[in-house]
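With the first letter of the sequence shown counted as 1, position 30 gets the number 30 in UniProt numbering; the numbers rise by one all the way through.
Since the hints were made in silico from the structure, they are not lab data.
These numbers were taken from a predicted model, which means no experiment stands behind them.
Any given hint could turn out to be false.
What the hints assert, rightly or not - In silico DSS-like pairs for lysine-lysine, Cα to Cα no more than 27 Å straight-line:
| id | residue 1 | residue 2 |
| --- | --- | --- |
| 1 | K40 | K81 |
| 2 | K17 | K49 |
| 3 | K46 | K68 |
| 4 | K25 | K46 |
| 5 | K25 | K40 |
| 6 | K44 | K81 |
| 7 | K81 | K68 |
Claimed, not checked - Pairwise CB distance ranges, derived in the manner of DEER restraints:
| id | residue 1 | residue 2 | range |
| --- | --- | --- | --- |
| 8 | P5 | K40 | 14 to 24 Å |
| 9 | L92 | P2 | 46 to 56 Å |
| 10 | S90 | A4 | 31 to 41 Å |
| 11 | A8 | K68 | 14 to 24 Å |
| 12 | T42 | S13 | 13 to 23 Å |
Just so it is clear, CB atoms sit at the ideal spot from N, CA and C, and this is done for glycine as well.
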Amino acid sequence: MPVAPVPAQPTFSGTPKEIVPGEGKQDTGIIVANKNSDTKVTAKDKNGKDIPAEFNDKTGSIFLTPDKDVVGPITVTTTDKLLPAPITKSCL
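Model the full structure from these sequences, guided by the hints.
Dropping the structure here:
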């Protein structure tokens with residue numbers, strides 16, 4: 001009986017970039033490989049304000065769209081049921 005392959009755990013690479021509030025959608029420099037439908041990304045500024053965050057489906061890059069009143073640093077959190085704990089990275 002064939003066994004279904006175990007999905008690969010998401011992995012992270014890249015160097016977080018500076019994010020400029022109010023400058024539209026920006027690449028964080030953080031890349032997630034092996035992401036799947038359970039992989040989610042969120043972001044909050046220093047004051048706990050939510051910032052829109054999304055993946056580029058082709059590259060795995062994480063993009064943020066911060067309002068002009070966002071205060072850094074920005075904490076980017078990625079969750080997935082295959083990860084033992086959420087992964088957080090900071091962007092200035």
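Now for the hints, and whether the structure bears them out:
no.	hint	result
1	K40 x K81	10 Å, holds
2	K17 x K49	19 Å, holds
3	K46 x K68	14 Å, holds
4	K25 x K46	19 Å, holds
5	K25 x K40	18 Å, holds
6	K44 x K81	21 Å, holds
7	K81 x K68	33 Å, violated
8	P5 x K40: 14 to 24 Å	22 Å, holds
9	L92 x P2: 46 to 56 Å	48 Å, holds
10	S90 x A4: 31 to 41 Å	36 Å, holds
11	A8 x K68: 14 to 24 Å	38 Å, violated
12	T42 x S13: 13 to 23 Å	19 Å, holds
This entry does not satisfy hints 7, 11, going by the numbered hints stated previously.
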